[in-house]
Amino acid sequence: MPASSGSTLGVMVRDKQTNAFFGAAAAGTLVIQVCGDCGYRQFPQPFTPGTSHCHACASSDLSWQPVSGQGSLVTWTAMQNRPEPDGTPAPVIIVAVIELDEGPWVHTQLRDVAIQDLTPGLPLRVGFEQPDGGEPLPVFRPAQRRISVE
Amino acid sequence: MTHNSPTAIVGLGITEMGKIYGRSTADFAADAILRACRDAGLALSDLDGLLTNSGLTPGLGLPLSRELGLQNLRLLSEVQGYGSSAGAMVAIAAMAVKTGTADVVACVFADAPLKSGTGIGAAYENSAPRDAGFSTMPGAVGLYGANPYYALAARRHMINYGTTSEQLGAIAVSTRAWAALNPLAQMRTPITIDDHQASRMIADPLRLFDCCVVSNGGVAVIVTSAARAADLANPPVHILGWAQAHPGYRMERGSQFGLVTGAAQSGPAALQMAGVKIDEVNIREIYDCYTYTTLVSLEDYGVCAKGEGGALADSGALGPGGSLPTNTGGGQLSGYYMWGMTPLSEAVIQTRGHGGERQVDKHDVVLVSGNGGVLDYHATLVLGTQPRC
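Heads up: the protein sequence lines correspond to chains D and R, in order. Using our numbering, you'd call the opening residue of the first sequence number 4 and step up by one each time. Using our numbering, you'd call the opening residue of the second sequence number 456 and step up by one each time.
Where hints are given, some of them may not hold.
Here are a few chain D residues that face chain R, going by a calculated C-beta distance under 7 Å [to be verified]:
1) G13
2) M15
3) A81
4) V98
5) W108
6) Q112
Derived list of chain D stretches under chain R, where covered just means 3 residues or more per stretch with a C-beta under 8 Å from a C-beta of chain R [to be verified]:
7) 16 to 23
8) 82 to 96
It should be emphasised that the hints constitute simulated quantities derived from the structure, not laboratory data. Note that the Cβ used here is the ideal one computed from N, Cα and C, for glycine as well.
All chains should be modelled from the sequences, with the hints used to inform the complete structure.
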C-alpha cells in the first residue's frame, strides 16, 4: 500500500477500540460490526462515542466482519482550504456518505472523480490509503464498469 | 404559589454582542441575568431558580450562582442540549413553576468562541475532539466543525427534492432584510441573490452567506407564573406549549438524515399543547445555523409541504412584508449566534410588540424552534400574548 505523503487524510492512531478495524484495513479488507444477538450491522458513526453496543438491541456481542467493499453514493460535499503562503492552491477534498451494499453508511473521502461527475447512487468501491504516520483509512472511488464483450 | 398555573417569560437580557473580546462566558452570563432582572422589574434576590447552558467556551455553570450571590435556590442545574437547550431550559423552568418547585427561574446562555486575532472558522474548528479511537475518524477524513455535515444534509435535500442554491440564497436575502431593521443584528447591509451566489464556497453546496455569524455574548430569560407576570414591568410572554424530539437517526439505508428533522415531531406536539394550529402561528423564529436549516425546519413544522421549502423561500413570504414572517430579527444568519437564545430572544421581543421598525403587526402566537447537533436535537416552544384559556 503506497504511503501518500501530502495525503488529504489525517492521522489516526491505532488503539484498543480500533485495533481490529485497522488490522483488517492493513490487509485491504473493510470490516463492519455485526451483532451476535440480532444480526444488525453497523459502522462507527460521527458523534457516537463507542463501538461497544449494538445500536439496534444494545447487545455487546459484536464482532468485526468483512464486507464486499461495494457501495453507492448518498450525498457529498467538497471543501478547499485557503492557498499555501506561496500561492499553491490547496487540494479540493470531496467528503461523501457512502451506503455500503450491506446497509451501513460510511463517511469518507472520494478518489479519482470530479465533483461535477458525482450523481446520487454512483457505484463505488473501497480502497485504502495510508497517510504518513497514520493507519490506513478507507477511501472510495468509482467502481470499475463492466466491459461488455461483443 | 398556585400549582399548575400558566407560566410566562417576564424578563429578557441581551448583552453586548459580537466581536466583544476579553470577557468570560460567566461574565456575559451574569450580565445577561442582571439585564433580564432589570427588564422584568425583579430583584436578583427574587430568583429561586437558575438554569445555565454553556456554549463551546467553558466556564459557565453552577458556580455562576455564587458569582451572583444567589442563596437558597430551589432549582439549579446545567442544561446541555446544544441548539435545543434554550427551549429545554424554558420548558424545565415552566414545569418547575407549574409544580411549585421554584417560582422565578432564570435561564441563561453565554459563549465567547471569538478570540481577537483569529479567524471565525478557527473558533469552532479548534473544538474538534483530539482523543484516540473512532471519534477521530471524522476529523481524519475532513469533517471538522458543523459546516461539512450540514453541507451533506443540504445536498441530500437538493438531491431528493430539487432544492437549489438560489433557493437557499432566498433565505439568506430575506433574513438579511429583517436584520437591516434590527439594531441588535451584526450584519445589516442588505444582500441580493447575486451576492449570495458570489459569496465564498465554504462546504459545497453551502456558501458563506448560507452560514450563521459567530458571536460572543450572553442572553437570559426569566420565567415565572402568569399571575406574578401581571404585576411586572413588561407585557408577559405566555408559554403556551413545548416539546422536544430527538430522532436518533441511524446512518444507514433508509435514513431520513437531511430530509426530515425532529421538528416534524416536536412541532405538532408543542402546537397541540398550546391548542393552536400551525396556520394560526403569526411569527416563526427558526434556528438558522444555515439557510438550509430554516428551509427544512419550515417543511417539518408544516408551514409548507415536505420538499416545497425551496419554493416557499422563493415566494418572498418569509421576509418583511411577506405573509409568513420568519426570523424577524435576522436570525443567526445575520443577527447574532446565541444558539437557541437567538430565536427565543426575538420571539420575546416580537410577542411583546417591542420590535420597532421590524415589529410584525399580528404577534399573538409565535413559534420558536431549536435545533442542535447535526439535526439531532430539537426543542419547540409556542409563545403568545394571552394565556391559554
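Against the structure, the hints come out as follows:
no. : hint     : verdict
1   : G13      : holds (4 Å)
2   : M15      : holds (5 Å)
3   : A81      : holds (4 Å)
4   : V98      : holds (5 Å)
5   : W108     : holds (4 Å)
6   : Q112     : holds (5 Å)
7   : 16 to 23 : holds (count 4)
8   : 82 to 96 : holds (count 3)
Checked against the numbered hints given earlier, this structure breaks none of them.
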